[in-house]
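Participant: When you get a sec, could you build the whole thing from the sequences and use the hints?
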Amino acid sequence: MRDFDYIRPATIPDAIAAAAEPGSAYLAGGTNLLDLMKGGITSPERIVDISRLPELNRIERLDYGGLRIGALVRNADLAHDSAFASTYPAVAEALLSGASAQLRNAATVGGNLLQRTRCSYFYDTASACNRREPGAGCDALGGENRLHAVLGWSDACIATHPSDFCVPLVALDAVVEIEGKKGRRHVTLEEFHRLPGETPQRENALEPGDLIVAVRLPAEAASFSANARYLKVRERTSYAFAVVSAAAALVVDGGKIRAARLALGGVAAKPWRARSAEAVLLGADANEASFASAADAALADASPSGDNAFKIELARRIVVRVLMSALSGTPERLPALPASPFSNIPGVRHDA
Amino acid sequence: MTSLPITLTINGHRHELEVDPRVTLLDLLRERLDLTGTKKGCDRGQCGACTVLVEGKRINSCLALAVSHDGANVLTIEGVAHGEELHPVQAAFIAHDGFQCGFCTPGQIMSTLGLIAEGQAGDDPERIREGLSGNICRCAAYGGIVEAVLEAQQQLAKADRRTAA
Chain A
12 MRDFDYIRPA TIPDAIAAAA EPGSAYLAGG TNLLDLMKGG ITSPERIVDI SRLPELNRIE
72 RLDYGGLRIG ALVRNADLAH DSAFASTYPA VAEALLSGAS AQLRNAATVG GNLLQRTRCS
132 YFYDTASACN RREPGAGCDA LGGENRLHAV LGWSDACIAT HPSDFCVPLV ALDAVVEIEG
192 KKGRRHVTLE EFHRLPGETP QRENALEPGD LIVAVRLPAE AASFSANARY LKVRERTSYA
252 FAVVSAAAAL VVDGGKIRAA RLALGGVAAK PWRARSAEAV LLGADANEAS FASAADAALA
312 DASPSGDNAF KIELARRIVV RVLMSALSGT PERLPALPAS PFSNIPGVRH DA
Chain B
2 MTSLPITLTI NGHRHELEVD PRVTLLDLLR ERLDLTGTKK GCDRGQCGAC TVLVEGKRIN
62 SCLALAVSHD GANVLTIEGV AHGEELHPVQ AAFIAHDGFQ CGFCTPGQIM STLGLIAEGQ
122 AGDDPERIRE GLSGNICRCA AYGGIVEAVL EAQQQLAKAD RRTAA
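Keeping their order, the protein sequence lines are chains A and B. Per my numbering, the very first residue in the first sequence carries number 12; after that it's consecutive. Per my numbering, the very first residue in the second sequence carries number 2; after that it's consecutive.
Hints are computed from structural coordinates only; laboratory data are not their basis.
Partial chain A-side listing against chain B, Cβ under 8 Å, derived: (1) Asp-14; (2) Tyr-17; (3) Thr-42; (4) Asp-46; (5) Lys-49; (6) Asp-60; (7) Ser-111; (8) Gln-113; (9) Asn-116; (10) Ala-347.
Cβ coordinates follow ideal geometry from the N, Cα and C atoms, glycine included.
Facilitator: In structure tokens, the structure reads:
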């Protein structure tokens with residue numbers, strides 16, 4: 012690991028001033044950053060340790076019914092907060108389906124949004140990667156790419172965003188609260204992450220020095236608590252990134268869908284909000300036929316970026332199944348294997 | 002970068018140290034303090050061999066900078082037994098053949114201590130397997146490990162009841 016200056020600022024303005032200098036990186040839980048530094052994928056000259064900044068580790072209920080989650084709240088603490096888990100069950104399920112217990116104890120809310128792709132060519136410094144080194148090319152195109160993107164990719168980059176947490180968050184209209192040199196601003200999570208286009212190195216809306224201070228959920232996000240699930244297909248039972256995942260949240264009344272939220276993970280360089288599928292669901296009968304139509308709408312623009320055409324059909328099936336799970340209701344307690352298709356979910360076809 | 006002064010309480014002992022900011026908690030334990038029970042497997046947060054408790058919570062010490070944990074309370078495998086008397090988790094791993102080569106065992110035991118303290122898994126073997134999925138055992142002693150965790154939890158619950166009574 013390359014040598015770096017280590018700074019532990021006492022206030023948010025001090026942190027932002029320090030991190031605005033070129034070559035700086037914020038350190039919070041460190042679970043992704045240290046991994047990247049050990050591999051030589053990133054080599055910051057200055058580490059700005061924000062892990063003890065006051066006021067960033069709180070979960071606050073807002074006056075008008077929303078929730079504000081401090082950027083330094085640990086994944087495990089959020090997932091096991093009983094009020095949070097019962098109000099936003101798909102978010103808790105996504106958190107608990109990600110990483111390992113050790114990593115969830117260290118990893119933070121803000122860091123989860125900022126984690127880098129797990130594309131193996133991004134991680135291998137001997138490979139060409141436009142995301143790591145703009146203009147270098149993309150060895151994933153034509154390479155080992157069965158797990159790569161099927162939506163929103165470009166010839167410059169076919170990597171996916173690895174987060175589970177962000178998938179239900181984007182479905183629930185989460186907003187990222189950012190503090191920077193010019194003050195505080197709010198950006199929707201949907202707009203926060205960028206598709207690669209010609210500039211895959213520009214991964215999100217942050218400018219130099221910008222610090223994520225919180226993630227907010229609007230009041231409406233709480234209205235889905237009775238019918239919200241996350242489903243994630245992995246290549247092993249636990250402790251693996253998603254091949255494809257989906258978050259679904261419904262409000263159902265008299266057999267009709269009154270409100271619907273759907274997002275996909277593992278399919279694009281950002282958590283993928285499936286608005287066209289939500290439009291199909293709104294007002295439709297709450298049944299498998301409607302869900303299949305929604306799945307077709309969600310994947311209408313999908314195309315393989317390599318040997319990954321299977322992910323499109325897999326995503327369709329995951330969409331149908333997660334909507335069936337959401338329809339059958341949020342369980343009293345999360346299954347032993349959160350978000351796993353191998354969990355025994357009553358009323359759901361296991362070959363769907 | 003010059004070294005930075007930090008203080009760590011490890012297994013109840015206070016250490017005042019000067020550390021290079023690049024040094025992980027894992028390397029500090031092993032290379033500076035000769036606490037080599039904590040193992041370096043992948044060094045990338047994937048295997049769990051380096052698991053320790055920081056403020057009572059299990060983390061991967063390979064992905065923790067020592068300087069960032071200035072002032073913390075750390076428990077490693079060396080601090081688990083009471084003198085010559087094994088901790089119930091350690092005894093249960095022996096009783097149930099919860100290991101073969103033993104390399105992952107300190108991490109498995111520290112992770113088990115974290116799991117039990119979290120109180121999420123109960124006596125459901127499926128939840129225990131899921132809760133320990135961050136600890137890889139290449140000898141695949143998983144069957145024995147799950148039995149050991151179940152027994153250790155029972156022993157600890159009995160001890161708690163005795164203390165309460």
